[in-house]
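**Q** Now for the letters of each chain:
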Amino acid sequence: MQTHQYDVVIVGAGGAGMRAALESSTRARTAVISKLYPTRSHTGAAQGGMCAALANVEEDNWEWHTFDTVKGGDYLVDQDAAEVMAKEAIDAVLDLERMGLPFNRTPEGRIDQRRFGGHTRNHGEAAVRRSCYAADRTGHMILQTLYQQCVKQDVAFFNEFYVLDVLLTHDLAGGDVPAGEEVKVSGVVAYELATGEIHVFRAKSVVFATGGAGKIFKTTSNAHTLTGDGMALALRRGIPLEDMEFFQFHPTGLAGLGILLSEAARGEGGILRNSEGERFMERYAPTIKDLAPRDMVARAMANEVREGRGCGPDKDYVLLDLTHLEPAHIDAKLPDITEFARTYLGVEPYTEPVPVYPTAHYAMGGVPTTIDAEVLRNATDVVGGLFAAGEVACVSVHGANRLGTNSLLDINVFGKRAGIAAAAYATTAEWVDLPEEPEAYVVGEIERMRDRAAGERVADVRRALQETMDANAQVFRTATSLEQARADIAELKKRYAAVSVQDKGRRFNTDLLEAVELGFLLDLAEVVVEGALAREESRGGHFREDFPTRDDERFLQHTLAYARRGADGSTTIELGTKPVTMTRYEPMERKY
Amino acid sequence: MAQTNEIAPETGSAEGTPGGTDEREPQAADASGGAGAVPSFDVTLRIRRFDPDADEPEAYWEEFTVTAYGTDRVLDAMHKVKWEVDGSLTFRRSCAHGICGSDAMRINGRNRLACKTLLKDLDPSKPITIEPIKGLPVIKDLVVDMEPFFASYREIMPFLITGGNAPSAERIQSPEQRERYDDTTKCILCAACTSSCPVFWTDGQYFGPAAIVNAHRFIFDSRDEGGAQRLEILNDKEGVWRCRTVFNCTEACPRGIEVTKAIQEVKRAMITRAF
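One line per chain: the protein sequences are W and S, in this order.
Here our numbering = 1-based position in the first sequence + 100.
Here our numbering = 1-based position in the second sequence + 45.
Chain S with its partners taken away, still in its complex shape (with noise of 0.2 Å):
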């Protein structure tokens, strides 16, 4: 285990560039599945830490080398470290297999959850660089202070809004409308994708990728009245036209959500109030 202390220069291409060093195709030895014997590789994490209860307070790399299997994921090495060389290595997690949204970071210079992305298709002969989501504050090593996210998100009025008298059963909605907003139904808060945003880094009044989703999600809701409001709270200055369509969020969406495009689709209602 070697540690360097000095701060090391930022690792990784520009944010969600696939096809760098660390794309690899999975290993055949591997392609059997998890369910019978794998073999054991030595994998090296160079993580960025930062203890804030240190005496002057500051980031440096230090990396770790545990053996690991062929359906292991980076959560998996990450709990080795933890839990069998240094207990205070400090990161969020909790369902372990890509639905809670706590494990974000970025892995090899891209936004991933840890609990979802498998060692081996990494690669694994290098050593896999993890670090903390970036444009939102470390506390501890990997973690990261969620609340600028979550008071963006608490800003869109992220729920449904309807007037009159409740109906006495439920409210009428086809397969067709329902389909319509399926796809931004699909977020679970993670931050892989406003943490992506290069507009998010440079600027952090803008309400990110996340919180417009989540938007999406109630005005594209045949159910919801609030579209129109929620357009002029998004028509802000640090509302949607802040982006400038990168694809980075797309690209770390751990759930498959089409990030630019539900954001074109809101850019659009704003021009046409039709949604």
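Isolated chain W (complex conformation) (with noise of 0.2 Å):
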């Protein structure tokens, strides 16, 4: 075991992660620790741009952009934290313009926009060209600027070490711990792929950014690494998770597979149709059409298929028709996405439309924070020198469905946040004792795991579990589906005690890794059943059909969902509340 000491240790080397490297490791000694080498990250495969009213190609400010935030999350976000973000976009993208982002022009030499889903002018009254893009990689751009100015100022990196414990002053997950009570973070424990070896980093201030958790899913926009790993330790060791039921089904993935075509498709002219051939987003939403938020056009697709307006052989997608665009006008906004159609599903765009379905997106929810990206352990105390930003965090900014763009915008606001934050901390606090032995908890996971001579597969056991998530958790749920879930993941999760793995080598075991990962998908997508089966209501991307509507009465909250340790060491999740921070926008009715 080797063990290391820094002010910051910044956990994930995605957008946030780098972000909030940048601000910390000019201002105390810096770690930043990832699973993947920082250029793999999952911000990289971000398409369609970021939001940020620049009003450089028409008339926009931050306020309708924050209404618009507010609207399209469902009025389930935190509108002081919306505010926050609508404002500070602006210098978000300035910052990565200045860092050398290569932004798209307009005739000017300006930094073009264009129109992206539910962000309008005044109010709803019309799409408006807000999003800040670079053609269709702006995710790639942002993740490759931060690589590079990392690298400027000469950031550590411990690249391909798994962050598997963090550790605190105190034991939540009894629940004993009184409100009121200082609990402080002391650092992480992490495992180096490619030796085997367990590392322990003492720290003061810890910063999680370690995405999302899409791979509780079948289909699936998110990359095989994305597993939830940062949101399912922050549970394990007691911290509640904040409104995992909200799950976002971007509309547009390519069918049968799940990856991403951007709604910059829909924003450049694309349009959605049915068997008929009909443009129905005329019907869900007359004002905005195919550019209503996600989860609404992600419902509408799923219910053309259901009543049978689905395309091909099984009617069991919709297709998107940029055969109207020029070609030229495609290869100049659209070339990485129309590339996946031909390369996928072998469709040429110029000439025909493209199959597609609703695939599992973004994860809402997450760990609770504060503005300053502080971690909460409850609806009010912090935990001191515990952060989080980017979707492994929930601010909340997204509600219960997040406007396209506003994630990019999310991890470049909340990463400089939390980077500022933990380093003003780490700079005034002092030092935290580790626990003893705090490597005990993950070496004897790890070599439980490992040395279990023969059981259950783990891919046998992530299969069933993606497959009962989309079948029974994904647009459109009852109770009946997700008590379906809930039975079949408890079933799982007595699997997976029994889970072995072939390779029980030292170095390079990605068969452990998965294993592990496993266990963090099984507790994530029990949260996420849990929430969706207490919100007996419809609210943005949680679409219950028994409950068909939004239910302010007794739903506009946050649910904070904890993991409880009983007397005889079972978890159960029990879940609790936190109010909806509400400052100029009364909760309307939800038209578009």
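Be careful, since some hints might not be right.
[To be verified] A short, non-exhaustive set of chain W residues, derived as facing chain S with CB atoms under 8 Å:
#1 L136
#2 H142
#3 M199
#4 N204
#5 R205
#6 R373
#7 G377
#8 R606
Hints listed in this document are in silico derivations from the structure and should not be mistaken for laboratory results.
Think of the CB as a built atom: it goes at the ideal place given N, C-alpha and C, for glycine as much as any other residue.
Got two chains here, each in a separate frame; can you build the complex from them with the hints?
**A** In structure tokens:
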């Protein structure tokens, strides 16, 4: 075992982690620990853009952006946080430009902007051009640019290190630490993939920027590595997860594959059609049609299929029609995604419509934080020195449904805030003692898994989990379907206890790490399902067919899900709440 | 599943020579696309393996036969092996759609991303050979040590260099100026190009195509003022002049970057100092 000591340890090297590192590393001794090489992070897969009310091409202002974010999130957004994000969006874009990000340009040489779902002029009048973009690889450019700046600043990276535990001064999982008591972080424990060695990182501040958990679903745009590690580690240590029942299903995944085709395709004029050739979004969102928010479009698509208007031999998808666009326009604005259609489906988007169906895309929920990225351990108390930003976190700026482009914005705004706050905390805070044998828990878990002679295959349990989540907790949910998912997950957790790996080696044992990641997925799927069962209403990305309307009376509040360890050592999920912060917008019916 | 434990000879012809036995037209049966019913077929993967934890670590070939479908990629077949047959088979992967750059490998003698290579576009009736990319130390099976690759990247100062105070708004750049370096912004640092380069194989000190591509991305960016410094670095004996214009890198690039052209442009800039 090796021990390291840094003022600030950042876990995850996607957009949020690296944006935090750029701030923190100039102010305090900082290390970034990432299970991937930084440029492999899934920020790089983001396509369409990053919204900011620059008003470079038409009238716009950050207050409209705030309103759209709040309305898009079906009023579950914390309005103070949305305001911070929309206001700071402008500097976030300009920061990136100054770092060298190659944005597309207007004829005058300014940053170009385009339309995106749910982003409107003057509180919903019409779609507005707010998304700053670099072709359809904006996320790739952000990830590259931030990594370039990290190289410039000589940021210390520990690549291909898996963080498997977070160390706190108190055991929160027992549920008996009184509110108000000071709880602090003391570091993290990591597993080095190349050697199999355990590393303990002592730190005054720890920033979680570990991304999402899309792999709880079968059909997903997410990378294989998006297994919700940071969320699950926090949960296991007694930190609640907020609003996990809200998962975004992106409308345009390549049918059967889930690979993302950016909403920019519709921003640039693409149209969704059913088997009758009808532009069906006209019926669901008469004003902004195909540019309605993602939850509405995904549901509309699923509904078309359900009512028999799907396309293809099994009538199980709809079509994204770009054939009326000029090939030169497609090449200039949407080169990557049209190549995906060609490569993976053999479809030529110039002349043929592309088969699409919703794909699990983004966790609106996550580790609860303040607007300064401090992690909350209940509705009010922060954990001293622990921060989170990006998809792992729930600020909450996305509420019940995230607007397109607001995730790239989120990682930049709140990644920056997390880096500043973590460094500020570390410069004044005292060192906290590490617990006795800080590595014991991780070593125990790893060795138990490695040593189990024979048992269940990881892949079998994972596939069963993903299938039940797709079947029972996707775009349409009911009490019956969710109870089925709950029963399936309970059964799969039993099977997981008997899981074994074939690779018994020390070095680069990805077999072992996949088994560990499966444990995270199971824990998180359970939280999603428990939250979804309890929330007997439909709001944003969470749609209950048995409760098809929004119920502000009972449910205009955040869910906090706690994993509580009972006397017998078993863990159950307990649900609490947290009020939604309202500033200037009263909940209204959501029409587009 | 047959296993051959001897060290087999290198397969495949010269790097990046298309039109060999591995290049076939997509099978007609699958031309309808991925969303409908797709036929299944058996495919054999012949994989170069190396276990660093073995008593006497030695590379060897191992064959696996799995059932695949018309839209499956090489990565899908490899996952099938790992998840259903042999969990110890080790490779990097993440996004699985050609954007993260984790899974560059030598497939039928040519560098490609496993997630972007459809089985049907190879010839699934013959074993598909899969080896680690060349020129970098093998850690385990298909995993190589990427550090030397990233070290070269870091050396060319891959970040915007500007003088004076930053402007309060954005820097102005015309669409034409932006277009000038567009191609080289696509790089995902997968190392397919660098590890396809015969110069790099014989001389690990050579910067390699990927580093030069990333230097190009800044040298031709109208906002950047570090061009002269970068050209000085690349004027080194391990710099651009080692490129022998073999075009392997351009063939290998999964992002379609005209790598050799970019290197030529850097060479020309070095002579003319015009960029």
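**Q** Could you run down the list of hints and mark each one as holding or not?
**A** Going through the hints against the structure:
| no. | hint | in the structure |
| --- | --- | --- |
| 1 | L136 | holds, 6 Å |
| 2 | H142 | holds, 6 Å |
| 3 | M199 | holds, 6 Å |
| 4 | N204 | holds, 7 Å |
| 5 | R205 | holds, 5 Å |
| 6 | R373 | violated, 15 Å |
| 7 | G377 | violated, 17 Å |
| 8 | R606 | holds, 6 Å |
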